[in-house]
Every structure is written in C-alpha cells, then in structure tokens.
Amino acid sequence: MKLWMFAVLALAATAELAPKRQQREGGRPGVNNTLTAIPGIKVGHHTLTERPTGCTVVLIEGGATASVDVRGAAPATRDTDLLNPAKMVEQIQGIALSGGSTFGLSTADGVLKYLEEKNVGIAYGRRRIPIVPGASIFDLGVGDASVRPTADCGYRAAQAATDAAVVEGSVGAGTGATLGKLGGMERAMKSGVGSAAIVMPDGVIIAALVVVNPVGDVIDPATGKIVAGVRAEGRPGFADARVMMRSGVPRVNRGDNSTIGVIATNATLTKAQASYLAQMTDDGYARAIWPIHTMVDGDTVFAIATGGKPGAPDMMTIGALAADVMATAVVRAATQATGLPNLPAVRDLK
Amino acid sequence: MKRYALSLVCAACLSTDGGLRSTSNVVQAFRPATAGAQSDTSSNTTLTAVDGIKVGSFTLPGGTTGCTVILVDGEGVPGGVSQRGGAPGTRETDLLNPLNMVDKVNAVVLSGGSAFGLDTATGTVKWLEEHHIGWDVRVTRVPIVPAAILFDLPIGNNARNHPGPDCGYKAVESATTAPVTMGTVGAGAGATVGKMGGAGTSMKGGLGSAALRMPNGLVVAAIVAVNAAGDILDPDTGKVIAGARKADGTFADARTLLRSGALAQRRAPAPRAVENTTIGLVATNAKLTKAEVSRMALMGDDGYARAIFPSHTMGDGDTVFSLATGKWDGQADVSLIGALAADAMARALVQAVTQATGLPNIPAVRDLKK
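Protein chains in written order, with my numbering: chain G, 1 to 350; chain R, 1001 to 1370.
Hints listed in this document are in silico derivations from the structure and should not be mistaken for laboratory results. Warning: the hint list may mix true and false statements.
Result set (SDA-like, lysine to any residue): computed pairs, CA atoms no more than 25 Å apart in a straight line [as the list claims (entries may be wrong)]: (1) G/LYS87 with R/ASP1234; (2) R/LYS1369 with G/GLN91; (3) G/LYS42 with G/VAL120; (4) G/LYS87 with G/ALA74; (5) G/LYS350 with R/ASP1094; (6) R/LYS1287 with G/ARG251; (7) R/LYS1239 with G/ALA312; (8) G/LYS42 with G/ALA74; (9) G/LYS225 with R/ASP1236; (10) G/LYS309 with G/VAL199; (11) G/LYS225 with R/GLY1238; (12) G/LYS87 with R/LEU1099.
Pulled out of the complex, with its shape left as it was, chain G reads as follows (with noise of 0.2 Å):
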C-alpha cells in the first residue's frame, strides 16, 4: 500500500515537472525510447579503437520512404540529391552517418556491400542497388586526423545493427562529437550520440537520432537553460554563446561542427511529406543548439517513413511533435556523453 502510494506520488510529481518531457521520451527504463521503437528500423554502431571516431549506421531492410533538409552551411553528404520529392528513387534502405568529415562518407560503401550481399535494395535486373545516402561530422580535430571511419566502419556498423534500444553518448558516429566551441577546444564539452521517441494514442511513432556537434551550446528548450557549452574561464559554469556573441568574441570560423540526425515515423508519408518532415524536425536544431545552422556547421535531417501504420498521416502533428522529439535527442546526446581528456561531458561537470 505504502509502496502504491509511494509511486503514484513519483508519478505525478514527474508529470509536474516541464522538462522531465526528457526523462519520459527518453531514458525509461525497460522502454525503448529510442529510433528502434519503430518496428523494421535497427541501428548498428562500431567506434574505431584507433582514436576517438565512428560509424553510425541505420537499417531499414524493408525500405522507408526518406527525404532530407540540410540547412547548415559547411554540409558533408552523399546521396542526398535523391532524396529531393522531385527525383525517382522513392525508398531507401539505409543511412551512414559518421564521423571524418568528407573521409567519413566512404563509410556508406560498407552498407551498400552489406546490403547488397543480403539482396536487399532497389531490382535492377536480378541484382539489387541498395540506397544509402550518408552525412559526416567533422571531428579530425579530435586525436590523430589520419584515422577515419572507412567502408570497414560501415560494414561493421551495418553487422552490429539491431532493433534494441540504440546505445547513447559517446559511440559510433558520436565518439569524437563535441559541443560549446565558440571559446575554442580548450572550454568546449564532450557530445555524442541521442535518441528519443514518442508513441501517440493511436500507435503513431515518432522518433529521432541525433549525432551532436555544433559549434553552439545545448539548451534544453523547456526551460531555456543551458545544458553542455563554452565553459567559463576561471570559474565553474557557461560563458552562454549567447552571451559571448553579444559581447563580440571572435569570428564564429572554427570547422569542427555538424550535427546530423534522422527522424522516423512509422506513419505512411509521401516523399513530398517525408522532406516536409525533415524541414520541420529542424526546429528541434534551432530550439536545442544555439547558435545554430552557422557558415561552419553542415546540419542535415534525415527524414523516414516506414508506412507500418497506414492511412492519412496527420502532418500537424507529426511534423510539430518531431521538432519536439529531435530536441529531446539533443539534450541527451549531451547529458549521455562521456569526457574525454581536456574535454569533459555533462556528467563529468559539477
């Protein structure tokens, strides 16, 4: 009885507390909250042991109608002309995301030999074309810039990939992910990989991945407050890049940044309303990472349908709801991290 009582107070005192959204669309225990709550979605991750760098490699074996928005400035993508409504190819089978910068892309060829091998893609005659377009982080900042994710890494990644809760912070694609560099490396945060779903009343899932690597801060959109970024000098804390930009610090010209993610549905889009989901989904960026889509980060959103819940899909929802869902993954691509030396995480703080 005490027990009973005991948890409907826990309950109702979570329910109380705006951004606890990010506890109850993520991180449950013994619920995947994750990109691979979506049936027919698994997500595989291998991190390079050389230095910190990965792969991140997401499958959807059945195929998704995908689209995507890039609206960061300094983009390294592959395949992603396709993915406009306006071009043939309407499903896809996977997506790379990695880091390596524009060396990272060649991760998406391990996918294809991966997938090709298990027939999977597109019939082309009595072969089959997998289509896998990628993204990549730049991280060579990151220990020795000579080792970088290849095909190997995506192979291996795809080998990994399974429909269990995806493994957040600081693996595959997310391993040499930072955040908060407007005062350089030497105050910025460790950052990684976050994902987070939301199950609606009549079974709709919306879903999201993110790999974080902004040269903004993370801030939880609930409450305004900052969550990983430029540390402060000489004291504990943030500097708050909204601050320093006032202030006038230097010219924002750092390259190490991009944040890419994916956001699934299982909903039946069109591939008109796939990229109009990725458009939206971007307001998540926007709402969680400040300053955002600069000349020196090349954010990108994958956006996938895999049409298990057919009928109508109702945009507004789906569309407003993954906004909300991206940021949540952000904030826990942060608060999930680990430190690595000079670069500490969220739980490495305090």
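Chain R: place on chain G using the hints.
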C-alpha cells in the same frame, strides 16, 4: 518629383522632426513625436534602428487588416528569403535566389488579406516608380518589391475588405525612421495566434519588432507580423506567452495538446490549412553578399522555431525576408549576424503579442488576468 524632394528634405530633418513626417491619413499612425524625436537612434529597439531602413504601416478602416512596408534608402540593397511554411503567399521571392541576377531590393511588403493582399505591393511599386527608385532599365526604373501575406480573412469584415494597392502606396508614403509602431497595426492588424485549440480559444497576434546593437556598431533587427497556428513562447524560459486557451482561461499548451492526440482525432482539425502564416524580415547594417544575406534569412528563421510552437506547419506560410544595408563598415561575420537575427526575430515575436491589443472575442496578452 516635388514629393520626392520633400521626402529627401524630411529624411534629413528627421532628427528634429521625428516620426511626424507622415502626413498620410493612417488609421494607426506612428508613435508620437516623443518616441521618434531622438537625435540618435541608440534608444530605438526596432527595425528602424538599422541605418538605411524606414518602416510604414497602413491599417484599413475598421482596424482589422492592413499592410506594412519596409523601405530601403537609395538604390536598394541585397536581400534574401527563407520560405519554410507549407502554405505561403508570396511575390518576387524567386529573384531573391542567390543564383538569380537581381541583387538590389528596394522595399518589402508584408500584408494581411491572404492572396488578395499581394496586390499591396503594386501600390508600393507605383510609389517607387514615381520616385525613380528601382532597377535601372533605361526606359524606366523597375522597383524590386518582394512581398508576403498572411491569412486574416475571418477577422472583422476582412473577407470582403482586402488591403490593395492603395494600402501599399499609403504605407510606403508614410515610411519613416521612427521606432516601429507595434501591436494591432498594419500587416498585424488582423493577425491571431494559438489556433490549435479550436474555435474561440485563440489570441491576438500583431506586428512586433526588436533590434540588437553590438558594441562595435553592428545592428541586427527584425520585424514580424505573427499569425501562427501555434503558441508564442518565451525562448528564455520555455513558457507560453500567448496561445490556445482552455475553458478556464489558462493556456492549453500546444505541446501538451499535440501529445494528447486530440488534434488527430478531431473531425475538422484546427487550424485549417492556410488560416495562419507568420511573415517577417531581418535586417542588418552590415555589408553582405547576396549569398550571405540568404544565409541570414535562413538563420533568422530559427527565431520562428524558438518562439513559436509549432512553427513551419503545413498550415503556416512562414516566410522571412532579409536585407543588408551595408551602412556599417565593420567586418561582417555572417554566422554572428545570423545568430543575432534569430534572437532579434524571437524577441520581435514576443513583442508582437505583448504589444497587441485585443479584438472582440480575441483577447491580447494585456487583456489576460495576471
């Protein structure tokens, strides 16, 4: 020609004459002389704090629709646009693509009246041609006037009373460097927000503006007519400022409303497509290329994401224009300018709802009991 000379003289004497140059019969006139009569612009926290920019609004009789014109000094300046809402009403936005030739914008028109309101730009073009302002094609000047509209037809008797060329002409004629008059005026006269909760639960939107001034002289500012389906949030706290209301008068919070699945279950889902749209502009006194000013518009659009939930929906024609007047000689960092543009835009959105005055059955923030 005579009027042109007059406007030049008066532009020069603004420091003493303030906002009172306007002799037009505007329903909602500009601020009183006390607000405009600043010898310097440092206390101006609106779009006109940007050197080289004037703003004029005209509100139609009845006070529930109108238009707002942003006028650029001289031969025009580079402009850009970010158009991310799903139901836009725009004019001359294609030429703002950095791949296209024209790199000088003379004015931007924001208007109520849905697609009908695009005609307001015709009046602004006429006024500019009369004043020999525009792209020089030898036989005449072709004024470059991009425009965007918002949907306010259900408000007042707007359905048969659209802002037209006359509105665009009067608004540009009245444009001044005085602080922008905000609230239920011009393009924001018929604007509403918080339409996710169904009929009778929305609130008054309006015209808002904000400016950020950097120690080195860089100014980044925004103006916006907010007519969003979504709620308006304060990005500094995450709290709802204006939005859909519950029966008890408290905010329903679109974030909660959407999670409940209520919207998906409703037979005639509110908001209906195209009954919304937030239209605005960010400007700086820095010197930017056409590509850079396009990035500024894109980044300024992040202000919508931060202060409106949800923004950029299928039922919103959200559009952000950008202008760089180049009056400031400092070294421009477009990432900084864009980041500040997003902040200025978020502040302008908050201003739009806090400065708005209510209409019958559509309360403004100031009408709510604290």
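Against the structure, the hints:
1. G/LYS87 with R/ASP1234: Answer violated: G/LYS87 to R/ASP1234 is near 39 Å, above 25 Å.
2. R/LYS1369 with G/GLN91: Not OK: R/LYS1369 and G/GLN91 at ~52 Å, beyond 25 Å, violated.
3. G/LYS42 with G/VAL120: holds (14 Å)
4. G/LYS87 with G/ALA74: Judged against 25 Å, a Cα distance of about 23 Å means the pair holds.
5. G/LYS350 with R/ASP1094: Measuring from Cα to Cα gives roughly 51 Å; hence the hint is violated.
6. R/LYS1287 with G/ARG251: Holds - the C-alpha atoms of G/ARG251 and R/LYS1287 are around 15 Å apart, at most 25 Å.
7. R/LYS1239 with G/ALA312: Violated: R/LYS1239 and G/ALA312 sit about 32 Å apart, past 25 Å.
8. G/LYS42 with G/ALA74: violated (28 Å)
9. G/LYS225 with R/ASP1236: Roughly 7 Å between the alpha carbons, so the hint for G/LYS225 and R/ASP1236 holds.
10. G/LYS309 with G/VAL199: holds (12 Å)
11. G/LYS225 with R/GLY1238: holds (9 Å)
12. G/LYS87 with R/LEU1099: Measuring from Cα to Cα gives roughly 21 Å; hence the hint holds.
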